[in-house]
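Asker: Here's the letter readout for the chains.
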Amino acid sequence: AQSVSQHNHHVILSEAASLELGCNYSYGGTVNLFWYVQYPGQHLQLLLKYFSGDPLVKGIKGFEAEFIKSKFSFNLRKPSVQWSDTAEYFCAVNAGNYGQNFVFGPGTRLSVLP
Amino acid sequence: DAGVTQSPTHLIKTRGQQVTLRCSPKSGHDTVSWYQQALGQGPQFIFQYYEEEERQRGNFPDRFSGHQFPNYSSELNVNALLLGDSALYLCASSLGRGSTDTQYFGPGTRLTVL
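Protein sequences, first through last, are from chains A and B. The numbering of the first sequence is this note's numbering, which starts it at 377 and goes up by one. The numbering of the second sequence is this note's numbering, which starts it at 23 and goes up by one.
Treat the hints with care, as some may be off.
To be verified - Quick partial rundown of chain A residues pointing at chain B, CB under 10 Å, derived from the structure:
(1) V380
(2) H385
(3) T406
(4) Y412
(5) S428
(6) C467
(7) N470
(8) A471
(9) V479
Hints are computed from structural coordinates only; laboratory data are not their basis. Computed from a predicted structure; not experimentally measured. Using N, Cα and C, we set each Cβ at its ideal position, and we do this for glycine too.
With these hints in hand, go ahead and build the complete structure from the sequences.
Answerer: Shown next, in the form of structure tokens:
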């Protein structure tokens, strides 16, 4: 069965620091990759997604992620975080070419100190 | 354009009872998926409905059942509630159930089982 791991449970950064959140998945075939964000008291929102093509994808609010197939990774990055980026971040994988079978990672809580 | 809506927001039940949660998909969406998100964890896929039929199912017992109506709205039913069923139940909708179709999430229903 496919699984998704996220390297850090809780990350604490100061404003303007750079961010990288790790995500690894276990599945050998075609995958579609997503990062979702859950701000305090709000619902899950899509940050970015990768289906094919350029492995470096850009999302909303200055976030980007890089798909490295050989490492089964899809790490999320942001050059300079803001206090408003404080949230829970979830990596999700939808494996295969047909249907939707989303598997979410356990999440990483990001706290940005002003 | 209304997003995904869920009702009720919160619910408190006792062990052994039954519960029904409701979801209205984003306008124009025809596919509804349900997830269970336990505290501190990522969402876990329960099942997906398309054209009023269950199309995919995660690793959840038969106590969890659902329904999709002709207007694409959906219900999640849980019978014989257990303490471990306490969680945030998320509904997600998409246009189509292809592997690259993005899911949009609702705010969730917080179920507490006493």
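Asker: Determine for every hint whether it applies to the structure shown.
Answerer: Results of checking the hints against the structure:
Using the Cβ-Cβ criterion of 10 Å, the hint placing V380/A at the interface with chain B is satisfied: the shortest such distance is roughly 8 Å. With a least beta-carbon distance of about 9 Å to chain B, the hint placing H385/A at the interface is held under the 10 Å criterion. At about 8 Å, the closest approach between the beta carbon of T406/A and any beta carbon in chain B falls short of 10 Å, and the interface hint on this residue holds. The beta carbon of Y412/A is positioned within 10 Å of a beta carbon in chain B (closest approach about 8 Å), and the interface hint is therefore held.
Against a cut-off of 10 Å between C-beta atoms, the interface hint on S428/A holds, since the closest Cβ of chain B lies about 9 Å away. Satisfaction of the interface hint for C467/A is found here, the shortest Cβ-Cβ separation to chain B being roughly 8 Å, below the 10 Å cut-off. Because the closest C-beta pair between N470/A and chain B is about 5 Å apart, less than 10 Å, the hint holds. Among the interface hints, the one on A471/A holds; its C-beta lies about 8 Å from the nearest C-beta in chain B, closer than the 10 Å criterion.
The interface hint given for V479/A holds, since its Cβ lies 7 Å from the closest Cβ of chain B, which is under the 10 Å cut-off.
Violated hints are absent here; each numbered hint is respected by the structure.
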